[in-house]
Amino acid sequence: MKGFEYYAPETLDAAVEILARYGEGAYPVAGGTDLIPKMRYGHVAPQAVVNLKRIPGLNRITSLENGGLHVGALVTLTQLSREALVRERYPVVAHIAGKMASAQVRNLATVGGNLCNAAPSADLAPPLIALDAEALIVGPEGERRVPLEHFFTGPGATVLGPGELLTAVLLPPPQPHTRAMYIKHAHREALDIAIVGVAALVRLAPGTATCQGARIVLGAVAPTPIRAREAEALLEGAPLTEEHIAEAGRLAAQAARPIDDVRGSAWYRRKMVDVLTRRAIAGTRGEGGDLT
Amino acid sequence: MKQLVSLQVNGERHELYVPVHKTLLEVLREELGLTGTKHGCELGECGACTVLVDGEPILSCLTLPVEVQGRDITTVEGLASQGVPHPLQVAFAELNAAQCGYCTPGMLMSAKALLDRTPDPSPDEVREALAGNLCRCTGYVKIVEAVRLAARRQQGDLGTVVDEIERALNEGVVREPGA
Numbered sequence: 011m012k013g014f015e016y017y018a019p020e021t022l023d024a025a026v027e028i029l030a031r032y033g034e035g036a037y038p039v040a041g042g043t044d045l046i047p048k049m050r051y052g053h054v055a056p057q058a059v060v061n062l063k064r065i066p067g068l069n070r071i072t073s074l075e076n077g078g079l080h081v082g083a084l085v086t087l088t089q090l091s092r093e094a095l096v097r098e099r100y101p102v103v104a105h106i107a108g109k110m111a112s113a114q115v116r117n118l119a120t121v122g123g124n125l126c127n128a129a130p131s132a133d134l135a136p137p138l139i140a141l142d143a144e145a146l147i148v149g150p151e152g153e154r155r156v157p158l159e160h161f162f163t164g165p166g167a168t169v170l171g172p173g174e175l176l177t178a179v180l181l182p183p184p185q186p187h188t189r190a191m192y193i194k195h196a197h198r199e200a201l202d203i204a205i206v207g208v209a210a211l212v213r214l215a216p217g218t219a220t221c222q223g224a225r226i227v228l229g230a231v232a233p234t235p236i237r238a239r240e241a242e243a244l245l246e247g248a249p250l251t252e253e254h255i256a257e258a259g260r261l262a263a264q265a266a267r268p269i270d271d272v273r274g275s276a277w278y279r280r281k282m283v284d285v286l287t288r289r290a291i292a293g294t295r296g297e298g299g300d301l302t
Numbered sequence: 003m004k005q006l007v008s009l010q011v012n013g014e015r016h017e018l019y020v021p022v023h024k025t026l027l028e029v030l031r032e033e034l035g036l037t038g039t040k041h042g043c044e045l046g047e048c049g050a051c052t053v054l055v056d057g058e059p060i061l062s063c064l065t066l067p068v069e070v071q072g073r074d075i076t077t078v079e080g081l082a083s084q085g086v087p088h089p090l091q092v093a094f095a096e097l098n099a100a101q102c103g104y105c106t107p108g109m110l111m112s113a114k115a116l117l118d119r120t121p122d123p124s125p126d127e128v129r130e131a132l133a134g135n136l137c138r139c140t141g142y143v144k145i146v147e148a149v150r151l152a153a154r155r156q157q158g159d160l161g162t163v164v165d166e167i168e169r170a171l172n173e174g175v176v177r178e179p180g181a
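Chains C and E, in that order, are what the protein sequence lines are. The opening residue of the first sequence carries number 11 in our numbering; numbering runs sequentially from there. The opening residue of the second sequence carries number 3 in our numbering; numbering runs sequentially from there.
Extracted from the complex, chain E is given alone in its bound form (with noise of 0.2 Å):
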């Protein structure tokens, strides 16, 4: 059964007969090629395929998109604005805060959210807020701090990597070799 679906992905309007049996990661990448949103475990437990609707974090793996017409969907590809990098990228690339990069893009999505909601977020409200997003080579400590000196450059606060890195020495959240 096929179903013609009117989706709004990054702010561009788009008409599809798809299955309807094909969750709405599957036509992110296969009909939209929107293939930033990365395949994971496919049960709603890795957060790799992460995306906003109406701003909120949801599992594109897990949802069908005749449930989500007519509302907003941001993918990792609208994160960006007019070929300018958000605060958030240029945060996880300055850090390295992607290593591997097959979390990233979910990471990304989880952290906006968070960052539109709270905009100063501790330590704590960071890995709660990412803690559906499973991360195998990090060790997520580059992630939090990544997170957290977007949050203070949005806020207008110039903060610099090594800023970020002391402060997160200072508050705990990494230790120096052998402190």
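Just chain C, same shape as in the assembly (with noise of 0.2 Å):
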């Protein structure tokens, strides 16, 4: 690994000023999960490297007056999977938190990590898309909101600009009679990426089965995580029959724009957005499905 300045800012403007300064020469770290590898095998050399463990407040997930939930850019997955108020509010984001790479690396990677990196697999993406959640962004030109489904731009990027710093999640309250689920599909549970994530969320109308309203998304079938918004316009509205949810996988399966590489084809992803797309929004209807 190459030198580098080290930095560790204890408030954000500090760190939002040393950002700004060196431009793209800065990486900001925080679980290092990401960053370290790519500066071993020489991907990165940044000029500076800025810890941001040292910001207080970053690391906390508090409950918002609407109901909501504000979780910090350096809350661990070990932290999102185990935090009660997430458990209840958001178990499909508990659950995968729980579930990512392995107990080691949850104990360092954290949310803002996982979606700054900007992966096309990652694994947060999906499932807090799917709950409406926002991007709180702090940087020179002081604080902005920008939901989370056009946070990310493509592999790899985002709408950070020099300076900026993804501080918080912001999660929408639950909303009653409202299910999700997300599955992952990788060769093995731990330690893997996806070869394709689908998120499901259906709101039901009281007591019966239509469906009030929806979101698909996919995960590692396009440059970014994506909507596929035919899909949800198709469901919302509309009971949700065999017919409907297999209509549903079809429109997603359209909706996917994949690759082939290593974990698999493009034929091959796009059949199993369809496969898992009817999983993931029959899982909504009880069968598996956690509670939103």
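The reader is advised that the hints may include incorrect statements.
To be verified - DSSO-like, lysine-lysine: derived pairs with alpha carbons at most 27 Å apart: (1) C:K12 <-> C:K63; (2) C:K63 <-> E:K4; (3) C:K109 <-> C:K63; (4) C:K48 <-> C:K12; (5) E:K4 <-> C:K12; (6) E:K4 <-> C:K48; (7) C:K48 <-> C:K63; (8) C:K281 <-> C:K109; (9) C:K109 <-> C:K48.
Unchecked claim - Only some residues are given here: those of chain E computed to face chain C with a beta carbon under 7 Å: (10) M3; (11) V22; (12) H23; (13) E44; (14) L45; (15) G46; (16) E47; (17) T52; (18) E58; (19) P59; (20) I60; (21) L61; (22) L64; (23) A131; (24) A133; (25) G134.
Unchecked claim - Here are the computed distance ranges between Cβ atoms for each label pair: (26) E:G85 <-> C:G35: 27 to 35 Å; (27) C:G33 <-> E:Q10: 32 to 40 Å; (28) C:R31 <-> E:G13: 35 to 43 Å; (29) E:H16 <-> C:R31: 28 to 36 Å; (30) C:R239 <-> E:T120: 38 to 46 Å; (31) E:G103 <-> C:V285: 38 to 46 Å.
In case anyone wonders, no lab produced these hints; they're calculated from the structure. Owing to the predicted nature of the structure, the values given are computational and were not obtained by experimental measurement. Every residue gets a Cβ at the ideal spot worked out from N, C-alpha and C, and that includes glycine.
Make the complex out of the two chains shown on their own, each in a separate frame, by following the hints.
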């Protein structure tokens, strides 16, 4: 690994100032589980590494007045999976957080790191987008909010500009009669990257099987995580019948723009989007779905 | 760029002047001579370099020493107490849970963190806790048995190796040939 200037600022302002000063030469580090191997293998050679862990408050999960949740960018996957507020309100998030990578990596890796690394296969992205999460960003120009759906701009790329930091993910209050499920398809459960990830969220009209609102979000099958809007539109206002679910699967597969790579072919990924979308929607009807 | 770091390793305090880009793994092995922690993939995928920080397992190959200053670091050298091996070490030896031994320090550290949190884990809980530690020799069965034997002994149950193998057979963790 090459040498670098090391900073451990104790305020957000100081971190933003350092990042803005170095521009593209500065890399923020949180857990380091993505950055350190990239530095080790020479994929990146930062002039400056800015450790964010000394900044107070970034590793906290707090309840918002509206019943939603503020999840600091430095919250680890272990914290996210164990925190009672997350388990109660958004079990779909707690569940996948507790399954990602390995125990050792989950103790280091952070919510912000998983999102800012912007792998198309990032496991937190589909369930968080399905929940209409927002990214809270702080930079030289102040604070702004971006729907997480629009946070990613390509593999490894986000809307973050020079000097900007993701400081938190904001989750809206859980909706009644709503369930979500995320299915990660990988060769093995631990230490593996998704071949395909599908999150489905369905809100039912009380006491009926009529869908009032839906989110279908696909991971690892496009340059960024994407919503399958045609599939969502089909489900909204419609009864959750086998026919509708099958059609939603087909529409989601059409929305996918997968590539061939070492983990799977484009053809296979598209097929699996169909299968997993149907399975995830069915899962939200109580067949293994997590309440949200 | 070198930096003065103060590390608390196995209860001992060390003041070191190290290049900032050296990982905790490199500092433990090369500066402190604690070579029990193994150098594996350096990608965070094999678990050979697992150490405990404040009791939780982390990967020392992905950690910069400056980030764990003031925290309590435990390596495999810190497992034995006053020359008496930890129950996990005894059980690993008795059950031949180590073959080539390269993954063993990491396995022991992940297993210790598990037992500190879950004193009587099920086979599935052991497998999940050790999912980030790869072993290319044993096939894992002996490792799972060893962790559970150590767990029983820590709880005051003087289990024997034979008991533990019988229990594993009864629970279907292993099967007799042809069964």
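Consistency of the hints with the structure:
no. : hint                          : result
1   : C:K12 <-> C:K63               : holds (22 Å)
2   : C:K63 <-> E:K4                : holds (20 Å)
3   : C:K109 <-> C:K63              : holds (23 Å)
4   : C:K48 <-> C:K12               : holds (11 Å)
5   : E:K4 <-> C:K12                : holds (12 Å)
6   : E:K4 <-> C:K48                : holds (21 Å)
7   : C:K48 <-> C:K63               : holds (20 Å)
8   : C:K281 <-> C:K109             : holds (24 Å)
9   : C:K109 <-> C:K48              : holds (23 Å)
10  : M3                            : holds (6 Å)
11  : V22                           : holds (4 Å)
12  : H23                           : holds (4 Å)
13  : E44                           : holds (6 Å)
14  : L45                           : holds (5 Å)
15  : G46                           : holds (5 Å)
16  : E47                           : holds (5 Å)
17  : T52                           : holds (5 Å)
18  : E58                           : holds (5 Å)
19  : P59                           : holds (5 Å)
20  : I60                           : holds (5 Å)
21  : L61                           : holds (5 Å)
22  : L64                           : holds (5 Å)
23  : A131                          : holds (6 Å)
24  : A133                          : holds (3 Å)
25  : G134                          : holds (2 Å)
26  : E:G85 <-> C:G35: 27 to 35 Å   : violated (50 Å)
27  : C:G33 <-> E:Q10: 32 to 40 Å   : holds (36 Å)
28  : C:R31 <-> E:G13: 35 to 43 Å   : holds (40 Å)
29  : E:H16 <-> C:R31: 28 to 36 Å   : holds (33 Å)
30  : C:R239 <-> E:T120: 38 to 46 Å : holds (43 Å)
31  : E:G103 <-> C:V285: 38 to 46 Å : holds (43 Å)
Consistency note: the structure conflicts with earlier hint 26 alone.
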